[in-house]
Amino acid sequence: MTQAAVSADHPVFERIKSEIDEQDVVLFMKGTPVFPQCGFSAAVVQILSQMDVKFKGVNVLDDTDVREGIKHYSNWPTIPQLYVRGEFVGGCDIIREMFENGELQQFLVDKGIQQAS
Amino acid sequence: MTVADTIREKLTRAFSPAVLEIIDESHLHAGHVGARTEGESHFRVHMTSAAFDGVSRIERQRQVHKVLADELAGPIHALALKIDSA
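Protein sequences, first through last, are from chains A and B.
In terms of this note's numbering, the first sequence has 166 at position 32, counting the first letter as 1, and numbering is strictly consecutive.
In terms of this note's numbering, the second sequence has 24 at position 35, counting the first letter as 1, and numbering is strictly consecutive.
So that you can see chain A by itself, here it is in the shape it has in the complex (with noise of 0.2 Å):
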């Protein structure tokens, strides 16, 4: 399928890869970073704060178009989802496995987006 045929499809692809281009790191959630309505989009919140990235929150719940546009986008069915520098990097459990074995920080570190500590 041409770029052209998915975005007629889906009007919504468009306002979402301008959300992602827009800044390095996006976190589609449901929520706001301070008051997350959902366990596990408060999960990669935390990580993220914790870890000291800078990154915008897209809540879905204000959009239903999003909401439903971005599962297509990235062929993933639930909420949330992190994209660093365009690139779909997961949902809560990859992120969470990804934090605690070490591999996300390294990932940024790769992606520009934190110094090597």
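I should point out that these hints are in silico values taken from the structure, not numbers from a laboratory.
Quick caveat: nothing in here was measured; it's all calculated off a predicted structure.
Computed list of lysine to any residue pairs in SDA-like fashion (alpha-carbon distance at most 20 Å, straight line):
no., chain 1, residue 1, chain 2, residue 2
1, A, K205, B, P64
2, A, K205, B, R51
3, A, K245, A, G220
4, B, K71, A, F222
5, B, K55, A, W210
6, A, K151, A, G203
7, A, K190, A, E148
8, A, K205, A, S152
9, B, K55, A, Y207
10, B, K71, B, V56
11, A, K205, B, R46
12, A, K205, B, H54
13, A, K245, A, D155
14, B, K71, A, F233
15, A, K151, A, K245
16, A, K190, A, V168
17, B, K71, B, T37
18, A, K245, B, S45
19, B, K55, A, R201
20, B, K55, A, H206
21, A, K245, B, I47
22, B, K(-1), B, E10
For chain A, the structure is supplied; the task is to place chain B on it using the hints.
Chain B alone, transformed into the frame defined by chain A:
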């Protein structure tokens, strides 16, 4: 058949896992959005299978999501996955 039984049957058929643990955590979420009054809405699955050798984390989860697409679109509100290769 319960939702847990369906998950077990579908994952067993698709991945022949060496380890398959399905934990119903719905009681931890009773009363909040997405929790069904009849329960069986929030699950945690630990699975180990040789089918995941050389498969990335994201792809492993995508394969599981695909096998359980009907359940994810229906009764399952949350599915935490820990998937290892054998």
